[in-house]
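Trainee: These are the residues of each chain, in order.
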Amino acid sequence: MSEDRTIGVILDGVPSRCAEGLPLTSLLAARAPGWRASPRAGAPRGMFCGMGLCFECMVEVDGRPARACLETAREGMKIRTATGPGAGS
Amino acid sequence: MSALPRTAEVIVVGGGVVGLATALALAEAGLAPVVVEAKSFGGAVTGGSLAGIGAHMHGLPEYDLMRAACGLWRDLATDTGNPFEYRAQGQIGFILDPRDVASGETWVREERALGADCRMLTPAEASEVEPLLTGPIVAATFAPDTATVNPFLAARTLLRRACEKGARAFEHTPITALTVEDDRIRGVQTASGERIAAAHVVLAAGPWTANLAAMANVALPLVPRQAQCLASVRQPPDTLRRVISAVEDAGGVNSGYTQIQQAQSGQILFNTVTAPTATPPEAKDQIREVPPGFVVESIDMLLRLFPALAQIELLRSWVRFEAVSPDHRFLAGPLPVAGLWVCAGDNGSGYCRALMLGRYMAGRIGGGASLPDALIEQAGRLYDPARFGEVA
Amino acid sequence: MTARLHVDVAVIGAGPGGLAAARAAAEGGARVVCLDLFAAAGGQYHMQPTQPESRFAQTPQVLSGRDAARAARSAGVEILTRTEVFWVAGTEDGGYCLSACQAGAEALSIRATTLVVASGAMERPLPFPGWTLPGVIGAGAAQRLLKTGTGALPVPGKAVLAGSGPFLMAVAQTFAKAGQPLAHFVEYRRPNPRATARLLARHLRKLAEAFGLLRDLRRSGAERHFGHIVTRALGKDRLEAVEIAPIDASGRPDPARVQRIEGVGTLAIGYGFQPVTDVTAALGADHGFDPALGGWHCIVDPATGASSRPGLYAAGEVSGIGGASPARLSGRIAGSHAAAAALGRAAPDAAIVAPLAAELAAARGFARGLAALYPPLPDLPLDLAPDEVLCRCEDVTLAEVRAAVADGARETFAVKMWTRAGMGPCQGRICGAAIAAELRRAGTRPEAAGFNRPHLPLRPTPLPVVRAALAAERGST
Ligand SMILES: Cc1cc2nc3c(=O)[nH]c(=O)nc-3n(C[C@H](O)[C@H](O)[C@H](O)COP(=O)(O)OP(=O)(O)OC[C@H]3O[C@@H](n4cnc5c(N)ncnc54)[C@H](O)[C@@H]3O)c2cc1C
Ligand SMILES: Cc1cc2nc3c(=O)[nH]c(=O)nc-3n(C[C@H](O)[C@H](O)[C@H](O)COP(=O)(O)OP(=O)(O)OC[C@H]3O[C@@H](n4cnc5c(N)ncnc54)[C@H](O)[C@@H]3O)c2cc1C
Ligand code: FES
Numbered sequence: 001m002s003e004d005r006t007i008g009v010i011l012d013g014v015p016s017r018c019a020e021g022l023p024l025t026s027l028l029a030a031r032a033p034g035w036r037a038s039p040r041a042g043a044p045r046g047m048f049c050g051m052g053l054c055f056e057c058m059v060e061v062d063g064r065p066a067r068a069c070l071e072t073a074r075e076g077m078k079i080r081t082a083t084g085p086g087a088g089s
Numbered sequence: 090m091s092a093l094p095r096t097a098e099v100i101v102v103g104g105g106v107v108g109l110a111t112a113l114a115l116a117e118a119g120l121a122p123v124v125v126e127a128k129s130f131g132g133a134v135t136g137g138s139l140a141g142i143g144a145h146m147h148g149l150p151e152y153d154l155m156r157a158a159c160g161l162w163r164d165l166a167t168d169t170g171n172p173f174e175y176r177a178q179g180q181i182g183f184i185l186d187p188r189d190v191a192s193g194e195t196w197v198r199e200e201r202a203l204g205a206d207c208r209m210l211t212p213a214e215a216s217e218v219e220p221l222l223t224g225p226i227v228a229a230t231f232a233p234d235t236a237t238v239n240p241f242l243a244a245r246t247l248l249r250r251a252c253e254k255g256a257r258a259f260e261h262t263p264i265t266a267l268t269v270e271d272d273r274i275r276g277v278q279t280a281s282g283e284r285i286a287a288a289h290v291v292l293a294a295g296p297w298t299a300n301l302a303a304m305a306n307v308a309l310p311l312v313p314r315q316a317q318c319l320a321s322v323r324q325p326p327d328t329l330r331r332v333i334s335a336v337e338d339a340g341g342v343n344s345g346y347t348q349i350q351q352a353q354s355g356q357i358l359f360n361t362v363t364a365p366t367a368t369p370p371e372a373k374d375q376i377r378e379v380p381p382g383f384v385v386e387s388i389d390m391l392l393r394l395f396p397a398l399a400q401i402e403l404l405r406s407w408v409r410f411e412a413v414s415p416d417h418r419f420l421a422g423p424l425p426v427a428g429l430w431v432c433a434g435d436n437g438s439g440y441c442r443a444l445m446l447g448r449y450m451a452g453r454i455g456g457g458a459s460l461p462d463a464l465i466e467q468a469g470r471l472y473d474p475a476r477f478g479e480v481a
Numbered sequence: 482m483t484a485r486l487h488v489d490v491a492v493i494g495a496g497p498g499g500l501a502a503a504r505a506a507a508e509g510g511a512r513v514v515c516l517d518l519f520a521a522a523g524g525q526y527h528m529q530p531t532q533p534e535s536r537f538a539q540t541p542q543v544l545s546g547r548d549a550a551r552a553a554r555s556a557g558v559e560i561l562t563r564t565e566v567f568w569v570a571g572t573e574d575g576g577y578c579l580s581a582c583q584a585g586a587e588a589l590s591i592r593a594t595t596l597v598v599a600s601g602a603m604e605r606p607l608p609f610p611g612w613t614l615p616g617v618i619g620a621g622a623a624q625r626l627l628k629t630g631t632g633a634l635p636v637p638g639k640a641v642l643a644g645s646g647p648f649l650m651a652v653a654q655t656f657a658k659a660g661q662p663l664a665h666f667v668e669y670r671r672p673n674p675r676a677t678a679r680l681l682a683r684h685l686r687k688l689a690e691a692f693g694l695l696r697d698l699r700r701s702g703a704e705r706h707f708g709h710i711v712t713r714a715l716g717k718d719r720l721e722a723v724e725i726a727p728i729d730a731s732g733r734p735d736p737a738r739v740q741r742i743e744g745v746g747t748l749a750i751g752y753g754f755q756p757v758t759d760v761t762a763a764l765g766a767d768h769g770f771d772p773a774l775g776g777w778h779c780i781v782d783p784a785t786g787a788s789s790r791p792g793l794y795a796a797g798e799v800s801g802i803g804g805a806s807p808a809r810l811s812g813r814i815a816g817s818h819a820a821a822a823a824l825g826r827a828a829p830d831a832a833i834v835a836p837l838a839a840e841l842a843a844a845r846g847f848a849r850g851l852a853a854l855y856p857p858l859p860d861l862p863l864d865l866a867p868d869e870v871l872c873r874c875e876d877v878t879l880a881e882v883r884a885a886v887a888d889g890a891r892e893t894f895a896v897k898m899w900t901r902a903g904m905g906p907c908q909g910r911i912c913g914a915a916i917a918a919e920l921r922r923a924g925t926r927p928e929a930a931g932f933n934r935p936h937l938p939l940r941p942t943p944l945p946v947v948r949a950a951l952a953a954e955r956g957s958t
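Residue numbers (my numbering), protein chains in the order written: chain A, 1 to 89; chain B, 90 to 481; chain C, 482 to 958.
Hints listed in this document are in silico derivations from the structure and should not be mistaken for laboratory results. Among the hints, a few may not be true.
Unchecked claim - Partial pick of chain C residues on the chain B-facing surface, computed with a CB cut under 10 Å:
{"hint": "1", "residue": "Trp568"}
{"hint": "2", "residue": "Ala890"}
{"hint": "3", "residue": "Arg940"}
Claimed, not checked - A few chain C residues that face chain B, going by a derived Cβ cut-off under 7 Å, partial list only:
{"hint": "4", "residue": "Phe894"}
{"hint": "5", "residue": "Pro906"}
{"hint": "6", "residue": "Pro938"}
{"hint": "7", "residue": "Leu944"}
{"hint": "8", "residue": "Arg948"}
{"hint": "9", "residue": "Leu951"}
{"hint": "10", "residue": "Ala952"}
Glycine included, every Cβ here is placed at the ideal spot set by N, Cα and C.
Here chain A stands alone, though its shape is the one from the complex (with noise of 0.2 Å):
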């Protein structure tokens, strides 16, 4: 029997639960691989290099700007993407 380790967290406005400390990369790309716009072509682009060095995977956490592969869900955060469904609301 497991604990429930669920929490919520707040994904551009909708309110999701997911474990607690799982990786942001892991619970955006279970909703799409993709939710940034690249800045010239407006393509879209996702998680790549998954160690904080290639800024393609950035969100907002809290009103901060962050790389969603070093940050670790927990309860009550703010997540808002720039390109995902329901971005922006």
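Chain A is already provided as a structure; the job is to place chains B and C with the ligands on it using the hints.
Mentor: Using the frame of chain A, we list chains B and C with the ligands on its own:
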């Protein structure tokens, strides 16, 4: 890349914006110059520039020349299809201290008398012109025609155009000796020992110009001054709309300054120096990193003027060296060695002047009419390298 | 508010190299802090799961990492995670001042007498058609998703693992251990079995590991394609299909034998590693270029770990790619010497350090042998379309880079000025290898092309954090 030529009509030493603009003007005059650059074209102060193109707050004696200089950039943008992001976005001169209002008003009055379109703004008007400018300013000047260019692409455009018109350019080719015989320049020698013979040599090597002139036993009153800048990560377009600069008294380049603007790439570029310190001559080849105090001052000033930017991230910083002359004007013209010329002493705003100076130099060297006579006369007076007395 | 620390030795990176260095320095009597940007110590090799029920929770790699961190802590090391060093400068007294950002928001300023940089490696990304599509990720990123996530890849659809080098097998092993199906395994090289046998015969201790990798590659269920390459990733807004082709005798893919794999959700690519040199390069230490060591790396004296700069030591991948054992050994050596230097001793106990140097030489020898079996690809043997993006941060295309080279750009710096390739948030880490390949095509050797010199800040950092840390460095607030 092709081999170095053995001879040239004119050699331009230095591939920054000033050397490249000179090469372009020489090429347009049919003089087929050879440009030699120690490292990469535009990689020195040219590539670290905010490249503001405007006459506002640059002083009255040079005002007509500055207007002409700005016009040349506008024309070049039109002629080339603007591959270098020329944009007339306007300039705000912010005033934080009530004691500086008078100085802003004087600038505006005097420049208007010369036909400029600038004016004073109240803080409310300023935040209409620049919405995020919500800091505690007491007034501002506004010069709507100040422009900016992309410093890298503008240099590249000059280089390409100069080459199309007959110039030849060589990077990673430092000049290590000047050949002088019978008080006449005969050519230059590169670090790898190659020689190029030429009747004319133009020294346009920014803060290194004095070192080069010394190779021909000419002492030039040019010293390096450290200048630096910070850049944020990309922000949405129109986060900032204008060039934002501090209104200062006519203190010239050695007083404090602030310049803030958003590049077309979206990055916010900003720098503030409140109390400049002297730059040792050897610093230009040694110092590579911004001083911590500069970073603190620059961030404080940015966030004081633009509190809404508090969460943005710093991406990058850089240090460059400008060439400073005693009266804060260029040294442009002949040196006491026949055929040896100088065009340096940018004093921190050489980007704006470059095309005008290039034309002036080409006219002096080639004899053609490259600028209106009145301007040539003014330039001759203001930029004469001999104005500080004996330079040889 | 800025937190401040004063230590004898600061260690950047808490991977195998950094943890070993920190522990050795502490055992040498120094006060030591060890900093890492990830949420848990361990680096790449000892990557720690976040989920207690993870299948990786009890693997030897995870447990040994936990042990290494515990041992460092018991020796007195303070390990600070979620701490990214964004700047390092030399101080007037010959020491170092580090500026770091904690948890993305807090400033930390550290004074250290000596510094060990164990910043590790990253994948050497080589562009290919479609490489920017969401769903195309680094092999290490796939590994991280499996090990630190739920154990399953988050994106539905087939998984394809492609690239070259022994690391690819390690990632296949991760798939097998996670129970995550791997549809295709695409390796550019066909490693010579006899050369492989010879190498293993010289390093018998590696034999079990090698067999384990082969077994798990089979266990992963992947269709194996040796001597193949991914020629294209396809999809509209996300990866949908992948094309692969066999490599012909000239080393290039055979266009007549392209095979398409449909229904792909994840393509993990790994063409080898390159050292993360931002800290050591910013400090101006000498760097060298050697393809067998991953390209640009910090040059150190293997006997001491000392770089060309006094008081600066480097250990692990940053001093040349070699894997976890050289990282650990070089970490112990560098940590011991950094402590001795910080405490004003002539040298650490030779009885401890000398045998390590011999072991390190052997471990490096094995790594060299592996690099010879899987020679790193100098460039990507694929023709890219002119509009293919090389610099992802700034969307700079191949055509733009070629135009800059045609206009006279002869070094990485010049390409950057004229195209913006390398001016974005990653500061050229991702596009550097591709730009170097283009310059090489035009006749500039990588040694002459250079690399993007890092400046303040090494990584994008919020303005208030930069301000607070640097104000502390200046001694005011
Ligand atoms: C942060 C900042 C903001 C600025 N903002 C503005 C602005 O808004 N407006 C404005 O007008 N100006 C501005 N400037 C100043 C402007 O950038 C300079 O005035 C201008 O770039 C000077 O160009 P240059 O060609 O004289 O010098 P450089 O660009 O320094 O060119 C000199 C060249 O000579 C080469 N050289 C040196 N020695 C040798 C040798 N022995 N052989 C061969 N080549 C050699 C060097 O490598 C260098 O490339 C700014 C500068 C900075 C740093
Ligand atoms: C993506 C990837 C996956 C790998 N997977 C494996 C594997 O499964 N098996 C295997 O045998 N080898 C693997 N390797 C090889 C790995 O490099 C070595 O096994 C070993 O981890 C190297 O140890 P290290 O201490 O040199 O570096 P690392 O283990 O990479 O540790 C370096 C640490 O420094 C941190 N760091 C870097 N710069 C800063 C900074 N400025 N501020 C704070 N922290 C910083 C990094 O985040 C990292 O945690 C992998 C390498 C990579 C790049
Ligand atoms: S995926 Fe590269 S920084 Fe997060």
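Trainee: If you test the structure against every hint from before, which numbers come out violated?
Mentor: Hints that this structure does not satisfy do not exist here, as all of them hold.
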